[in-house]
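**Student:** Chains as they are written, first to last, in the numbering used here: chain G, 354 to 698; chain E, 50 to 468; chain V, 299 to 530.
If you are wondering where the hints come from, they were derived from the structure by calculation, not from laboratory data. Each residue gets a CB set at the ideal place from its N, CA and C atoms; glycine is no exception. Please note that the accuracy of each hint is not assured.
Claimed, not checked - Below, a sample of chain G positions facing chain V; criterion: calculated Cβ distance under 7 Å:
1) Gln516
2) Leu519
3) Ala520
4) Ala570
5) Asp574
6) Leu581
Said to hold, decoys possible - Incomplete in silico selection of chain E near chain G, CB under 8 Å:
7) Ala105
8) Val175
9) Ala190
Claimed, not checked - Far from chain V by the CB rule (all over 12 Å, computed), these chain G residues:
10) Ala374
11) Leu526
12) Val533
13) Ile549
14) Thr560
15) Gly571
16) Val583
17) Asn584
18) Thr655
19) Val677
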Amino acid sequence: MTSVVLALSPFADGIPLFLDALGAFFRPSTLFGVLVDGLAKAALYVMIASGLTLIFGLMGVLNFAHGSVTMVGAYLGGLVMVLLVSQETGDPTRLLAFLLGVVVVFTALAALGGLLEMGLIRPIYDRPPLSQILLTFGLTLILDEFARIVVSFYGLQPISEWQAALATKPAALGQRHDLVVASVSGLKLFEIACGILTVVVIWAFLTRTRYGLYVRAGSEDSEMAAALGVNVRRVFTVVFALGTGLAGVAGVLLAWDQSWGASVPLAVETLLPAFVVVIIGGLGTFRGTVAAGLLVGLIDATMTWWFQNAIAFTGLPEMTIFLVLVVVLVVRPQGLFGVEEVGGH
Amino acid sequence: MAISPSASGVSGANALASSLRSYARDHAVHLLVIAVLAAYPGVYAVAVNSPFSAEAVALLPRVETMVAVLYFGLFAVSFDFVSGYTGYLSFGHATFYGVGAYLVVLTANGKIPLLPASTPFVLLLVLGGLLAVVFAVIIGAVSFRLSGVYFAMITLGFSQVLYVFVRDWGYLGSNPRDGVAVTGRTEGFEIGVPGVDSLSLAVGQLTGDTVELLGVVHLTAAEVSYYMVGIVVLVCYFAMQRVVHSPFGRTLVAIRENEERARAIGYNTFYYKLGAFAISAFFAGIAGGLFAGYRRSVTPESGFYFLTTGDALLASIIGGFGTLAGPLYGHLFDEGVREFLSKGGSGGGLLPYLRENVGQGTMETVVYNGMTVGETIDVFLNGRAALYVGVVFVLFVLYVPNGLLGTVRDRLILSDRDD
Amino acid sequence: MSLLSVEAVHTYYGDSHILEGVSLEVDSGEVVALVGRNGVGKTTTLRTIMQLTPPSKGRVRLRGEDITGTDTHDVADAGVGWIPENRRIFSQLTVEENVHVAVPEGRDVDAARERAYETFPDLREHRYRDGGTLSGGQQQMLAIARGLVGDNDLLLVDEPSEGLAPLIVSAVADALAATAAETTVLLVEQNLPLALDLADRFYVLDDGRIVDSGETSEVEESDERLRRYLSA
Numbered sequence: 354m355t356s357v358v359l360a361l362s363p364f365a366d367g368i369p370l371f372l373d374a375l376g377a378f379f380r381p382s383t384l385f386g387v388l389v390d391g392l393a394k395a396a397l398y399v400m401i402a403s404g405l406t407l408i409f410g411l412m413g414v415l416n417f418a419h420g421s422v423t424m425v426g427a428y429l430g431g432l433v434m435v436l437l438v439s440q441e442t443g444d445p446t447r448l449l450a451f452l453l454g455v456v457v458v459f460t461a462l463a464a465l466g467g468l469l470e471m472g473l474i475r476p477i478y479d480r481p482p483l484s485q486i487l488l489t490f491g492l493t494l495i496l497d498e499f500a501r502i503v504v505s506f507y508g509l510q511p512i513s514e515w516q517a518a519l520a521t522k523p524a525a526l527g528q529r530h531d532l533v534v535a536s537v538s539g540l541k542l543f544e545i546a547c548g549i550l551t552v553v554v555i556w557a558f559l560t561r562t563r564y565g566l567y568v569r570a571g572s573e574d575s576e577m578a579a580a581l582g583v584n585v586r587r588v589f590t591v592v593f594a595l596g597t598g599l600a601g602v603a604g605v606l607l608a609w610d611q612s613w614g615a616s617v618p619l620a621v622e623t624l625l626p627a628f629v630v631v632i633i634g635g636l637g638t639f640r641g642t643v644a645a646g647l648l649v650g651l652i653d654a655t656m657t658w659w660f661q662n663a664i665a666f667t668g669l670p671e672m673t674i675f676l677v678l679v680v681v682l683v684v685r686p687q688g689l690f691g692v693e694e695v696g697g698h
Numbered sequence: 050m051a052i053s054p055s056a057s058g059v060s061g062a063n064a065l066a067s068s069l070r071s072y073a074r075d076h077a078v079h080l081l082v083i084a085v086l087a088a089y090p091g092v093y094a095v096a097v098n099s100p101f102s103a104e105a106v107a108l109l110p111r112v113e114t115m116v117a118v119l120y121f122g123l124f125a126v127s128f129d130f131v132s133g134y135t136g137y138l139s140f141g142h143a144t145f146y147g148v149g150a151y152l153v154v155l156t157a158n159g160k161i162p163l164l165p166a167s168t169p170f171v172l173l174l175v176l177g178g179l180l181a182v183v184f185a186v187i188i189g190a191v192s193f194r195l196s197g198v199y200f201a202m203i204t205l206g207f208s209q210v211l212y213v214f215v216r217d218w219g220y221l222g223s224n225p226r227d228g229v230a231v232t233g234r235t236e237g238f239e240i241g242v243p244g245v246d247s248l249s250l251a252v253g254q255l256t257g258d259t260v261e262l263l264g265v266v267h268l269t270a271a272e273v274s275y276y277m278v279g280i281v282v283l284v285c286y287f288a289m290q291r292v293v294h295s296p297f298g299r300t301l302v303a304i305r306e307n308e309e310r311a312r313a314i315g316y317n318t319f320y321y322k323l324g325a326f327a328i329s330a331f332f333a334g335i336a337g338g339l340f341a342g343y344r345r346s347v348t349p350e351s352g353f354y355f356l357t358t359g360d361a362l363l364a365s366i367i368g369g370f371g372t373l374a375g376p377l378y379g380h381l382f383d384e385g386v387r388e389f390l391s392k393g394g395s396g397g398g399l400l401p402y403l404r405e406n407v408g409q410g411t412m413e414t415v416v417y418n419g420m421t422v423g424e425t426i427d428v429f430l431n432g433r434a435a436l437y438v439g440v441v442f443v444l445f446v447l448y449v450p451n452g453l454l455g456t457v458r459d460r461l462i463l464s465d466r467d468d
Numbered sequence: 299m300s301l302l303s304v305e306a307v308h309t310y311y312g313d314s315h316i317l318e319g320v321s322l323e324v325d326s327g328e329v330v331a332l333v334g335r336n337g338v339g340k341t342t343t344l345r346t347i348m349q350l351t352p353p354s355k356g357r358v359r360l361r362g363e364d365i366t367g368t369d370t371h372d373v374a375d376a377g378v379g380w381i382p383e384n385r386r387i388f389s390q391l392t393v394e395e396n397v398h399v400a401v402p403e404g405r406d407v408d409a410a411r412e413r414a415y416e417t418f419p420d421l422r423e424h425r426y427r428d429g430g431t432l433s434g435g436q437q438q439m440l441a442i443a444r445g446l447v448g449d450n451d452l453l454l455v456d457e458p459s460e461g462l463a464p465l466i467v468s469a470v471a472d473a474l475a476a477t478a479a480e481t482t483v484l485l486v487e488q489n490l491p492l493a494l495d496l497a498d499r500f501y502v503l504d505d506g507r508i509v510d511s512g513e514t515s516e517v518e519e520s521d522e523r524l525r526r527y528l529s530a
């Protein structure tokens, strides 16, 4: 690693610069900005990852197609908003269009998820866990290429963000707002709100509904749940549908975010962080996913600041996130909140 | 295939005879496959000059493509060697491919201390393999404490860290994101006996040697590359095949079937797994080196990135997980479909064939809502190989879990039992 | 017609043949003990009845109706409760939630819980605790309570006294006796005195086959007839 440090010219130029940066970092306005940034990233990570963790917790299926579903959700949600929003549309209507996009995407992708589970994944539950990884991996190939076909058919560039969808964002979310000690972007606050709402809704589903109870019971011991009369197979289908629906909803929000945006590569860009968050939190625990989302979001925001202000290594945030994954797996393989023996052989 | 120990004398002799037969047949199959592969450039050359030229060009992979089938096939075989035989999904396997590839390119650019730019290619291949072994031992020592999904994820994590690293490290080249090309070495990368010119031939699309023998044999650069890469791949394949059929290989299968039991019998499964990982990394490194030597450039996406591992996984599943040779056929299928449906349509495939052989009228016939046949093909077929390969992949996972080669072998063993 | 009849079932775990033609009958209101050494297939017999490990040959009938190959939750809905070895309490669910899972859909959850708490007052006291934090005896009570609230006609009880202190065993035995008064029980139990005390009839299972059966009143625990199949 020493050679890396040497190659990072600003770093090598001198310790004083680094100390300057350190001082700048601990200024309240910087810290607050990084905090908001981190919470916004955390909100997105939790939204991306929670469907994945629900599905894994209950069925032991690591769904490689999860990111592709988010990508499809981004396009579908973007489409709804582009159709409803014109240049003169006011902010409240734009928000309504967003809500409608969320509803449409959730419904459509939950239906897709349910069908996929019943048609393709159900026949292979009794095979080794690798088969399910393989199957969902195959699904990503199909979904991604299919999206590429449809998107190019309508004359869009599949690899760059869909600008028209980005433009449907309400003006208030595009501006910066003064808050406490620093000015923060409206979109970030909106993302944090969406993240909190998602966590609350999932938490309420898990702890306050009969189905949520079945999900938690089935995640721990699906055989015992079946023996107590729970139709575990139906619960599997419902959870797979909910998980894919949630992945799609996260996509709708990402379609508004300049640093993500609706594009085909979004599938991979979201799949990897989702894996990281889910594994760090402990595969299959929702609580762990929320905690890990916060951790990864804050680390990401911190590293992004350092890369922008002191260390000229573009990949710093991304590399740190994967390093955290590796370190957590080495030190605590079951994740922060995980129970041992889930997800092994 | 196992000979039952309780068999009586007569059936024991029968079993012996049958196992001899199957041994002969196994090697007959090997010879046959090698013969077919060796004849391929000749067959291709004849076919494209035959009356069925247009069809041959459209359907048969070009020799250049076959070179890629060979070196990437070797990578897929090495992936299968560890994942298919031990059951541990090495989702960061592209790391080793990338290590081999980057070593070749960086050495040629004089970026590796102590290694001159003119280091013989064969030596670089071995060094790339060994460097991959070092990576494998470090990564494996940590990762084999885990199993199942966690093992797949930690190896993925390692490879992504390295991917970001080579993508953004300015030392590697002026624009590492777009990859690194060989700029510091003009002569080709030669495969053969180092130092003996007459026994070495250079590979590469532009820098490869051509061969003229007695005015009868003319080999183009692509054909020379094909044979030279083929020889290396063949040697590597047989080396892995030896390991698989050794007691070591049988222990790996025992670990896959039931690791607890293997441990209870007294095997230190950790060292077996680590050994398999290291061996597999060695050959993956060589495959990466061949790739870089032939293409004379490498990108972070072609080495290190997790979708490169995904391509090997694809080849393994279609060809047959845990069959060693299967991934080679799996990758041949993958590349074949890709070329047939290639977007550019240069050098064969469906599009140029249709352009030349189907009337303009047919191509411009409107199918639906103003869309012509030509446009339909352009939207749904050309460059869309991933869609169809993906569908085939899913169908294989569901209905042909043993892959092409595994299924063929099962059939043969069954018919063997019948007679 | 018997409540439960198991007819010559053969059951495999992978390649191992565990049950080799087990047949047994349980009539309504009875308590039947299934005894035998470790590893002879007692637990597998219960799992086969629940269709958790469906038989490859033979039939399982409930009130004369063939349930072989149906889903486990359908067997449960038909009124069969399973109180497994090691109790298998949902450790991250509270006592209340553990009971709730067992209440059939459409039934009054509060009333069902109330019934469970009346039978096991200890559980009411700990109702907000996670299942995983309960003692072994409390977990066993909770497991039986889950069987009770399921509106079951037949309870399959597997090793209820295993791993419990003698004092707790007698409390569990009382709970089982109270349960048995209300419903039919097929009991797998290593503790022979307990089994003979609770049961009306018994079957002896050895190497995947029923080798003896009879009324518990005919035998004593020291009988050669039982001992040859039970001592190691």
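**Student:** Work down the list of hints and note, for each, if the structure agrees.
**Tutor:** Each hint, compared with the structure:
1. At a threshold of 7 Å, the smallest CB-CB gap from G/Gln516 to chain V is about 46 Å, leaving the interface hint violated.
2. The beta carbon of G/Leu519 is not positioned within 7 Å of any beta carbon in chain V (closest approach about 42 Å), and the interface hint is therefore violated.
3. For the restraint placing G/Ala520 at the interface with chain V, the shortest Cβ-Cβ distance is roughly 46 Å, beyond the 7 Å limit, so the hint is violated.
4. Below 7 Å, beta-carbon pairs count as interface contacts, and G/Ala570 has one with chain V at about 5 Å; its hint therefore holds.
5. Because the smallest distance between the Cβ of G/Asp574 and any Cβ of chain V comes to about 6 Å, under 7 Å, the interface hint for this residue holds.
6. Taking 7 Å as the C-beta contact cut-off toward chain V, the hint placing G/Leu581 at the interface holds, the least distance being around 5 Å.
7. Taken as an interface hint, E/Ala105 does not check out: its beta carbon lies about 28 Å from the nearest beta carbon of chain G, beyond 8 Å.
8. Because the smallest distance between the Cβ of E/Val175 and any Cβ of chain G comes to about 24 Å, over 8 Å, the interface hint for this residue is violated.
9. Because the smallest distance between the Cβ of E/Ala190 and any Cβ of chain G comes to about 10 Å, over 8 Å, the interface hint for this residue is violated.
10. Against chain V, the non-interface label of G/Ala374 holds: every CB pair exceeds 12 Å, the least being about 44 Å.
11. Consistency note on G/Leu526: stated as away from chain V, and its beta-carbon is indeed over 12 Å from all of that chain's, at 38 Å minimum.
12. At the 12 Å boundary, the C-beta of G/Val533 stays outside the reach of chain V, the nearest C-beta of that chain being 38 Å off.
13. With a closest Cβ-Cβ approach of about 24 Å to chain V, G/Ile549 is found to remain outside the 12 Å limit, as its non-interface label requires.
14. At roughly 9 Å, the least C-beta separation between G/Thr560 and chain V is not larger than 12 Å, which violates its mark as non-interface.
15. Listed as a non-interface residue, G/Gly571 fails to keep its Cβ farther than 12 Å from every Cβ of chain V; the least gap is roughly 9 Å.
16. G/Val583, annotated as away from the interface, has a beta carbon of chain V within 12 Å; the closest lies near 6 Å.
17. Residue-level check failed: G/Asn584 sits 5 Å from the nearest beta carbon of chain V, not beyond 12 Å.
18. Against the 12 Å criterion, G/Thr655 stays outside the reach of chain V, whose nearest CB is about 32 Å from its own CB.
19. Residue placement check: G/Val677 keeps its beta carbon more than 12 Å from all beta carbons of chain V (closest about 26 Å).
In summary, the structure is inconsistent with hints 1, 2, 3, 7, 8, 9, 14, 15, 16, 17 from the numbered list given earlier, while agreeing with the others.
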